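*Asks:* Residue-level listing of the chains:
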Amino acid sequence: MTAPSLSLRGDRGPLATFGRLRAEHRSASILVTWLLIGILLPLIVELPGLSDFQQQVVWVDGFAITGIYILLALGLNVVVGLAGLLDLGYAAFFAIGSYAFAFAASPQAITHLNISFWPMLIIGAFVAALFGTLLGAPTLRLRGDYLAIVTLGFGEIVPAIFLNADTYTKGTNGIGGIPQPQLPCIGDLCVKFTFLDPFPFFWTMIVILALVMVFIARLQNSRLGRAWMAIREDELAAASSGINTVTTKLLAFALGASTAGFAGVFSASKLGNVTPTDFSFTVSFTVLAMVVLGGMGNSWGVAIGAFVLYTIQAVLLKELNQFFQGQHVPILESIDFVQYQFLLYGIALVAMMLLRPEGLFPSTRRRRELHESAGGVEVTDLPPPTTEIGES
Amino acid sequence: MTTATRPALPTGGDSILVANRVTKAFGGLVAVREVDLDIPRGSIISIIGPNGAGKTTFFNVIVGILEPTSGGVMISGRRMIGRPVRAWGEPVLWFAPAIVISVLTSVAGLAKANSLVELGIVATIVALAAMLLAAIIRPAWYLRSLRSLGIFRSARPNEMVAAGVGRTFQNIRLFANMTARENVIVGMHLKLKANLGDAFFSTPRSRAEEHWAHDRADEMLALVGLKGRGDELAKNLPYGDQRRLEVARALASEPSLLLLDEPTSGMNPNETAEMMALIRKLREELGISILLIEHHMQLVMGISDRITVLDHGERIAEGTPEEVRRDPKVIEAYLGTPAS
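Just so you know, the sequences run in chain order A and B.
For the first sequence, the positions run 1 to 392 when our numbering is used.
For the second sequence, the positions run 1 to 340 when our numbering is used.
Chain B extracted, bound-state conformation:
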């Protein structure tokens, strides 16, 4: 194993996210090469870099949309993203219950217990179907049993949300034909517990929950500055407000880490200032850690605790804003080499 020769993983005692040598290649093109990132709890960290530097690819790896070619990501000390480990063990898990039942059935067959054999054959089929279904749905108990068998598979985007990572998109991806409030309530999906039965029978529990969600969504909207706009369709909001709504939707899942992908792209200076104030407020009032991706360097200087600079998929600098600003490699990446 190559990992054995590498230095030990940073344990990240108080890090919310630790990315370790994340590499993502598309065929021969290496979009991200061995990038490390450490986000201490309660900090604002930025990733900057010129267009095409691999920022969004890196971002998509750490939220579980793209599987990394190598390297991994840990959230609050638990490994969430990386190459599969002992993936061959997963089919064993699928077939194990069916095999056990079919062995028992064969024993019953030898004992000439015919009714048991019929039952056994049906049970084998049911067990196999149930396990295969669980393998595609991946409910919590299935993930737990994977973990207890030492099998590791990268988390899916929805599992990353459950682990406390919220995100926004570079090109706004709201549910355009739903109202602002509904967008936020969808964001609360994991906080709501109503199941099919609750919905069918409209139980008091689910009605109380709907009321709660409604009020909570309005609070979230007020927090990002969209008070009283809950009934408007998302697509009818002005551009800046759509970006705010995306933040509100991401906040609704009560994340401990919020990933913002170019939250100010396409905004005018006024809207940009408001967005930056909002980001600061989130950290100070809600204690959320924030990872910001931007290509405007000036923008993140005032707000970030530390900055990572990417260029051509590689990390060329890391440090406080002041250190990064003076770094000759960063200046070169942004402005080019001196002519002489």
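Looking at chain A on its own, in the form it has when it is part of the complex:
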């Protein structure tokens, strides 16, 4: 009889079955997880400890904004985590997506185009991707620090243009009156997007996040994903394997930027206005910190990193303020913790690099990279991957 021998195998437990299902139906498992998050998160905040702090509506509103940051972190993860191109000006694409929607939809903008939210979600992503390519093209020969400096410059230039081209963008005032998304009513069932009701925004965000994450997961395991990884490891060897490094890098920039474009359109519609100050360097930095803390290369890790950091920033620090003020603790009472968030990020990043360089939730690959010592020969001790010239 063969049946008993089967039960001896170690992959029969419910956990193993779950793991196998997840591996075999990657996309479905991502969709189901986001569905659960979409349903459970608004219910969790009704629990006693959490509902005392703020109302459910306020929580959900915060989650919708957290979603924007998760989306940004997922997109930056494609550029930094998968393709290994350090981008310090990522907020620029967020700004481009936001302003694209402002110009397309706001009655206050000079364009008067009146395009609605749903097509603009796609168009905004395309516009951002276009600018991603535009940034990518001149920086193709750069790597590491040099690339970081150029992208940093780009990240400063874009908000500066929106600030100073005030005939078109109204400068510091920004563009207001951006309309909310609209959905046709099905019978009596109407979904209305308003400032007072964050739920439609929240669920729209969940859908966007689920789709983006499915796409990224598929990309990661595709021919293109491997090409990104190869370029991250060794660009010359990648070119010598037949990879067109130019196209591959431009695609990383374009796809990363398009995700930020989604986030930009959504955020413009959610907040109802855009101003150049929304896209300062701190946004780029915060998103990068989310990617690094969460675990570069792992979509779920990055999403959790973004959620944790944003929640700390938006909820925990305010809570701390209230707590110390309520208890009248000397010294601590007079500190505004929200002011010190970047100090805390800095400390968190330094601690992370020392204790757990792969991030909180690393991809299995990165864990192996950092914790599986090279047997026999250290390949990593070889000279850095630059174009080899002449003899050695």
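These are calculated hints, taken from the structure and not from any lab test.
Fair warning: this is a prediction, and the values are worked out from it, not measured in the lab.
Nothing false has been slipped in among the hints.
Cβ pair distances, simulated, as ranges:
1) Val-92(B) to Gly-144(A): 29 to 39 Å
2) Val-92(B) to Arg-356(A): 47 to 57 Å
3) Thr-33(A) to Asn-51(B): 56 to 66 Å
4) Thr-203(B) to Gln-339(A): 50 to 60 Å
5) Gly-144(A) to Met-267(B): 25 to 35 Å
6) Val-92(B) to Pro-138(A): 20 to 30 Å
7) Pro-91(B) to Leu-40(A): 57 to 67 Å
Yeah, the Cβ is synthetic: ideal placement off N, Cα and C, and Gly gets one too.
Assemble chain B onto chain A, guided by the hints.
*Replies:* What follows is chain B alone, placed relative to chain A:
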């Protein structure tokens, strides 16, 4: 033109690679001077020479990493590497569509067709941007139109792979943090066809292709003697196996010519013998032509059909192993001049 006074290029009827008077100078230092090389289809050719003879520079010129100062390389009769010809024509190609559209737009402007003018201005910008983007990406149609205009630009390393030239590196350059199998699948990049859309929608075509690539990679690994090691990270393999993996990755692009840059450097005698057996097997079973670069002379004697000897960037001898071994210039380069 100086080329007119030179003897005609060897047409290379059955040569897979013909290098013609390749010179590479770094400033005042001439690393490679007027080196000729002919690799007949199905042969094993070696380039040997003492350290610093210019072997790797020559190698980097023929794979498209370094642009030669003069001379050129033909693959299967088609010129791939050399000085640009009519390079001034390339900007014409970039601007031509935009200029044509803007002329048409001006005509429309004279005819007072305002909506056409708006469209024309947008189309001009799009055409210009598209052509400039094509110029840096260099897709196949762009290369074709360059060729039809008689413009010649040296091929890039990835274009050389597409032309059927695979290579390995002197200092191993594997994708250290990818598994052995993934390394080989990256090598198959040009054989796989899945595009962005396939990846997004996980089409049956792309899934079938991934399965095929997986199996094919395992075959390649088995071929070089790494059967069952596919899931190990490249950096965790022993040194000799890393070299084998590099060969497998180069083979994955199904090259007709394989360039091996010191494939046995740092290997013990046992591993060296295995590598030499592997090289012989590649030629005999797969019919791949091989160019071997080595500085150990004894090593290549038994395996090569012909040997080219470089010293101080110049070719000092060429012939069968037996001829080369007896050549006084070669003996001098390796052992120095007699004391008397």
